[in-house]
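So the sequences go chain by chain: A and B. Counting from 1, one number per residue, gives the positions in the first sequence under our numbering. Counting from 1, one number per residue, gives the positions in the second sequence under our numbering.
Check each hint, because a few of them may be wrong.
As the list makes no split between identical chains, a pair holds if one copy fits it or if it spans any two.
Listed next, the in silico EDC-like pairs over lysine to aspartate or glutamate satisfying Cα-Cα at most 20 Å (straight line) [unchecked claim]:
| hint | residue 1 | residue 2 |
| --- | --- | --- |
| 1 | K310 | E300 |
| 2 | K164 | E330 |
| 3 | K276 | D250 |
| 4 | K202 | E188 |
| 5 | K164 | D269 |
| 6 | K260 | D284 |
| 7 | K256 | E188 |
Derived by calculation from the structure, the hints in this document are not laboratory data.
There are 2 protein chains.
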Amino acid sequence: MRLIICGMGVVGQSFIKLLVDNINPLYKKYGIRPRVVACIDKGGIAYSQTGLDLEKLIMVKKKFGTVSKYSQNKYSFDNPIENIESEIFLELTPTNLVTGEPGLSNIISALRTQKNVITVNKGPLALSFPSLIELANYNNVLLRFSGTVGGGTPILEFAKHCLKGDKITSFTGILNGTTNYILTKMTEGLTFEEALSDAKIKGYAETEPSLDVNGDDAAAKLVIMANWIMGRRVTLKNVDKTGITAVRLDEIKEAKKNGKNIKLIAKCDNKNLYVKPDLILEDDPICVNGTLNAVSFESEHSGKQTIIGKGAGGMETASSILRDLIEIKENFSS
Amino acid sequence: MRLIICGMGVVGQSFIKLLVDNINPLYKKYGIRPRVVACIDKGGIAYSQTGLDLEKLIMVKKKFGTVSKYSQNKYSFDNPIENIESEIFLELTPTNLVTGEPGLSNIISALRTQKNVITVNKGPLALSFPSLIELANYNNVLLRFSGTVGGGTPILEFAKHCLKGDKITSFTGILNGTTNYILTKMTEGLTFEEALSDAKIKGYAETEPSLDVNGDDAAAKLVIMANWIMGRRVTLKNVDKTGITAVRLDEIKEAKKNGKNIKLIAKCDNKNLYVKPDLILEDDPICVNGTLNAVSFESEHSGKQTIIGKGAGGMETASSILRDLIEIKENFSS
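The following block holds chain A by itself, in its conformation from the complex:
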């Protein structure tokens, strides 16, 4: 099974380590022998038709900041994603929720050349989910994206695999860890600005935190879940979205008095599709604190179920790529 990896940030490097550590179990348990034939980052490309040496790849990336120093041969491919042969394309470039690029073009290139795609990049899906799934179906390949929602927490898998014979009618959740951390700290008495700068210090918020605090990141995940779980053909522009920047400390205190918390809630049912600060009872299972994510699913027969976990983390998200890889392999074989 040949892989092209595009993007070598924290998740990419964690995934390579995970592969190195799991070469034997992957083969024994799932019959998978992954060969990374190309790895692309901003600085260029590392390429080997027979498979890159993964430990060397990590070392080169660490030492030179780019994988392009992997060998002395300078490869210049015209559109490597299209022209290098492989079964799987891994899209791990940073999320852009305005244009979706470069991820969107990368995924399209991969799908149209009959490569199965695993993406951890939310941007292309948030902007073009319906058409990308159509393109995958047309080319008879799979598009998988477990890591885009919940990091390592298998929220999408739960919804797809654990409730067979039943029908999910709605879901409600906290899909962004950064804003949940900020709101948790505000519940403890910090102002929005204090909580935000605390989140930055702890590494939970970016220097430019607007994607989180404006609700865009949660909205992108909501779009992915709405399409995948509820079959709603929507994109980012269909989400009714409010961030947390206007949440006031006195509102939080008032809520607290009534046994409630204010949380940034994403909700989808047959009518609604929104992200907004909302009142949640303290003993509701989705009322989780810190950077945790939580989603409650309502289904026709089996009632309400909640799944909770960390929404981020390099190794956690890398583990979701491995799950997608196994699922694609199982689809190949059957």
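Start from chain A and add chain B according to the hints.
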């Protein structure tokens, strides 16, 4: 797909209703056409080689209290579970944690005559999990039991299907709704006796509640999970078990002061296998209230994940049987 159903209590009747309501989707989506060829309760048996009329079956059960009045023909089978041909046997008789009977003999009869078995009855598994799985493997059929843990909440499916490529290293949970309700009420100030009688009035506790309050029910579920998820070959006698009857109100108050609750916790890792009242931080995701169940799984790469839901309910548990049925069908076909 032919079914024999043994036991027609709340779950059995809910399952029949679920079948009636889902005849078309089951066939369209999963290619399953279930035919209930025999239904057995304390009063006797209803039998039809071509499949019972399910709406009539429910009506007869409601009217006469037994399915044996389904037709005027009196069938007398010598061991109907062995001698009636079918692909699936459904074990829905009441749980007995001392002898496992009649469920244990029923399941053995079904497995040795090459019938796939779905059981909602915990008794046989708690007492003989390792040998029953061996018997199923030997006869090349499946033994499934989603409804034995978590009612409709797919706790076992989550552990098996949602973390592929990863390894669960331990789990910790609240597996009994009745005791969780009692402890929740005690946290609100009621004594054990008051909380228990409240639980009885609300229908959350049996008239004879010892299986719940002594921790036996939670221990039975723990055994099933330990075998299925962690590969530990254990039975009920291996569980270190303490119930909630000795939990004192002042201990609960003291815990509360420190931001903790006392919960009846079931835990399994490579060393431990216990059920006992334990201190849990209030903002731990498994610290759920009322009759809810909750389990946290620790895994090697994807971190800690928690799943929460109702642990009981006729229709919810019936939905878990449908999931098992679909899984067995998918295994047949592949």
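**Asked** Given identical chains, is K164 near E330, meaning Cα to Cα at most 20 Å, within a copy, between copies, both, or neither?
**Response** both (18 Å within a copy, 11 Å between copies)
**Request:** Go through the copies and call it for K202 and E188: within, between, both or neither, with a Cα cutoff of 20 Å.
**Result:** within (17 Å within a copy, 36 Å between copies)
**Prompt:** Under a CA distance limit of 20 Å, which applies to K256 and E188: within one copy, between copies, both, or neither?
**Reply:** both (10 Å within a copy, 18 Å between copies)
**Prompt:** Given a CA cutoff of 20 Å, do K164 and D269 count as a within-copy pair, a between-copy pair, both, or neither?
**Reply:** within (19 Å within a copy, 29 Å between copies)
**Asked** Taking 20 Å as the upper bound on the Cα-Cα distance, should K276 and D250 be classified as within, between, both, or neither?
**Response** For K276 and D250, the Cα distance is within 20 Å only inside one copy (18 Å; across copies 41 Å).
**K260 and D284: within-copy, between-copy, both or neither at 20 Å Cα** = Answer is both: 9 Å inside a copy and 17 Å across each meet the 20 Å cutoff.
**Asked** Which holds for K310 with E300 at a C-alpha limit of 20 Å: within a copy, between copies, both or neither?
**Response** Between copies only: 14 Å across, 27 Å inside.
The structure meets every hint from the earlier list without exception.
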